[in-house]
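Peer 1: This is what each chain is made of:
2 protein chains.
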Amino acid sequence: MRKDLSKNLENVAKLAQISSRKLAILPAEAKNAVLEDMASALLANTERILSANKKDISACKGKNKVFIDRLTLSDSRIKQMADSLLEVARLKDPAGEIIRSWEVSSGLKINKVRTPIGVVAIIYESRPNVTSDCIGLCFKAANSVILRGGSESLNSNLAIFNILNKVVLGAGLPKGTINLIDTVEHEAVDVLLKLNNYIDLVIPRGGEQLINRVVNSSRIPVIKHYKGICHVYVDEQADLNMAENICFNAKVQRPGVCNAMESMLVHRDVAARFLPGMLKIFKESQVEIRGCALTKRIAKWTKLASEKDYRSEYLDLILSVKVVDSLDSAIAHINEYGSHHSDSIVTDSHESAEKFLKEVDSACVYVNASTRFTDGNQFGMGAEIGISTDKLHARGPMALEELTTYKYTVYGSGQVRQ
Amino acid sequence: MRKDLSKNLENVAKLAQISSRKLAILPAEAKNAVLEDMASALLANTERILSANKKDISACKGKNKVFIDRLTLSDSRIKQMADSLLEVARLKDPAGEIIRSWEVSSGLKINKVRTPIGVVAIIYESRPNVTSDCIGLCFKAANSVILRGGSESLNSNLAIFNILNKVVLGAGLPKGTINLIDTVEHEAVDVLLKLNNYIDLVIPRGGEQLINRVVNSSRIPVIKHYKGICHVYVDEQADLNMAENICFNAKVQRPGVCNAMESMLVHRDVAARFLPGMLKIFKESQVEIRGCALTKRIAKWTKLASEKDYRSEYLDLILSVKVVDSLDSAIAHINEYGSHHSDSIVTDSHESAEKFLKEVDSACVYVNASTRFTDGNQFGMGAEIGISTDKLHARGPMALEELTTYKYTVYGSGQVRQ
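If you read the protein sequences in the order shown, they are chains R and F.
All residue numbers for the first sequence refer to our numbering, where the first residue is 4 and numbers rise by one.
All residue numbers for the second sequence refer to our numbering, where the first residue is 4 and numbers rise by one.
Just so you know, not all the hints are guaranteed correct.
Identical chains share a label here; the pair holds if one copy fits it or two copies do between them.
Below are the DSS-like pairs computed for lysine-lysine, each with C-alpha atoms no more than 25 Å apart in a straight line [unchecked claim]: (1) Lys361 - Lys115; (2) Lys227 - Lys17; (3) Lys361 - Lys17; (4) Lys115 - Lys95; (5) Lys58 - Lys68; (6) Lys227 - Lys197; (7) Lys311 - Lys57; (8) Lys361 - Lys95; (9) Lys311 - Lys197.
Hints were generated in silico from the structure; no laboratory data involved.
With the hints as extra help, turn the sequences into a complete structure.
Peer 2: Following this line, the structure appears as structure tokens:
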């Protein structure tokens, strides 16, 4: 059984690699036409997708509300999936772009050219829209894709995949251009992660446990889309009204996402002026506050934060608060306790802003803005495949360009090495 | 013992991370002054390095000539190490460069800024010059470095490291900015590879066994510097004189390096005209030829190649030869049997050249030039840390720029997300 599984998955990956070479030479217009047909096919098959989704939902009775909500599709969610595919079709084709061009003293003319990566595997949980979003982005970047979704959404994923794969095959593209691993065996992921001869990149999207499992057993390069413990630091020279707006937005506007603020740091010289009003506003919005001793002295109703709180991604209406001595302490705290995702300083001091931007070791560092802007669309990159918390290859919002690599093409006229 | 080792190495990595944040804010002039002092210190301590090197060499009696040659230092090799450090000092500081800058509709101004990676670990074999080359490049890119060399060169590595570390500490930089793991325990590598909370990147440089070991057990992102099975394809429309020069240079000028040609492909329509003269020239230079059946028919004295030959990196005066039907067959052969390192086509056809450049899935693809040019210096990048055969983050020659990452710095005026 186990041996069969290995053999099957190896064949899938092999075929994906062969297909990726065909896909790599497909012109942009042909790719865009397929993406538009994919969008139409999703809309035309809405009923079929919803009925598959119902099977998944009824098998998940007893799970909590957030879980069910993530899993559930609707007409409007399917419409969103189709719209995303159309948006990806409109994005500029990244492949073939000449990133840089120069001539060296030997007379060789060197181009650094953007190219597809090859085969990308994505391992994800619950949300079935990830299936079509990832297929669309990988297809546009001309990468073959191998998807492995969670068992809880298998029926929904299969329905979406089959609809999209029919479009791909109908366009004359080879089997293996897009792939969904639908075996129920749990160990399929571990087998997949050893196929580094065929798969070039694996992107895990999900909880800590999934990410750790992938990192621990993968021989394939991994780009992690990990947690967001994001901070807003209110500097001694902050405009306190602006700080209030930014902190409120970063925490409350959508608390369940990775770019929401989980921890608020306040310079001690403004704590007594800033915190009472700010914390009252949070209280009115049902935000639970877990603060340091100084926070608690200023607002007695708050809870005392533990060390663990400052390392927690709540994804909920809970906020840890800490009063700090200095900008240096704020930076040190963020680098130590944060997740290197998105952090913001509110300040009118140019000097403090520049120091914060330089020394905070995070993917996105803000001055006078909410951390909630960390997003491919908000950054003007179009749809994103996720937000990388890694430093290699892609950092921060990961969109089409980050789904490519490069090669050097070198033009000579008979040069040999001396 | 094992627990002690883990604890010790974790402390090294932790300290390296803390030091990397100090190094990241050091101005270019200060870094360059340290690099110049490092070069002087190597020259001033030549005798000390040579005497340590003698200990390593005498412990390696019985090893083959190539092994001993790699290990052996001399006045001129130490001078080269010093010169490399001076060259790195003269290179432009990559950190802080604004890669791109744009404004989005929310009014946020976004900069994509080049930054150091953080902590880089390098695991390597035999050549002691790697110790100073890697320290120099990582230092200039403002990364802390953790080196783990082979036990056969431990005395040489330690001597070089101690001399350079004295310069680093003398400049007021923290302990942990540069590090050499000198424990003899073999398992140190495995322990190191689990420290993904502190180490951002690991680069293995060495044979297949070392690379596989690192890939199989690392939780840290790896950039491999793997083998080079490089091809030259002589097209039906090649200038055959040029082809002769290029093939000869690619094979013979320095056969022991990764960008040398290991396999020569020849279009069948020119095989009868090209091969007899070319193979005679190779024979005169003591190159052993392992060819396909057609090759053997043209030159009876050649050996018959096995399937394995076409997958072999000889690093020696041995060449596999294959006559192919078409450009498509040549491309398919290279993508299947090659190592995605460097491949060249010799042709006068613009169309064939462009097809080859586009479809060969290798880091460096050449038209009418020797594969031997794949090298950071030849590409005008300055000193290289190696040649990546991976596709993620760095592909091909990996120099200063590839030892950096980026972050987004975002300037707002109070923006919150709608």
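Peer 1: Would you mind marking each hint as holding or not holding in the structure?
Peer 2: Consistency of the hints with the structure:
For a Cα distance limit of 25 Å, the shortest separation of Lys361 from Lys115 across copies, 12 Å, qualifies, whereas the shortest one inside one copy, 29 Å, does not. With identical chains, the CA atoms of Lys227 and Lys17 are at most 25 Å apart both within one copy (24 Å) and between copies (21 Å). Only between protomers do Lys361 and Lys17 lie at most 25 Å apart by alpha-carbon distance; the minimum there is 21 Å, versus 44 Å within a single protomer. With identical chains, the CA atoms of Lys115 and Lys95 are at most 25 Å apart both within one copy (18 Å) and between copies (20 Å).
For the identical chains of this complex, Lys58 and Lys68 are intra-copy neighbours only, at 17 Å inside a copy versus 68 Å across copies, given an alpha-carbon limit of 25 Å. Proximity of Lys227 to Lys197 under the C-alpha cut-off of 25 Å is found in both arrangements, the shortest distances being 17 Å within a copy and 16 Å between copies. Proximity of Lys311 and Lys57 under a CA criterion of 25 Å is satisfied in neither setting, with 39 Å inside one chain copy and 53 Å between copies. For the homomeric pair Lys361 and Lys95, the shortest alpha-carbon distance between copies (19 Å) is at most 25 Å, but the shortest distance inside one copy (31 Å) is not.
Proximity of Lys311 and Lys197 under a CA criterion of 25 Å is satisfied inter-copy only: 23 Å between copies versus 35 Å inside one chain copy.
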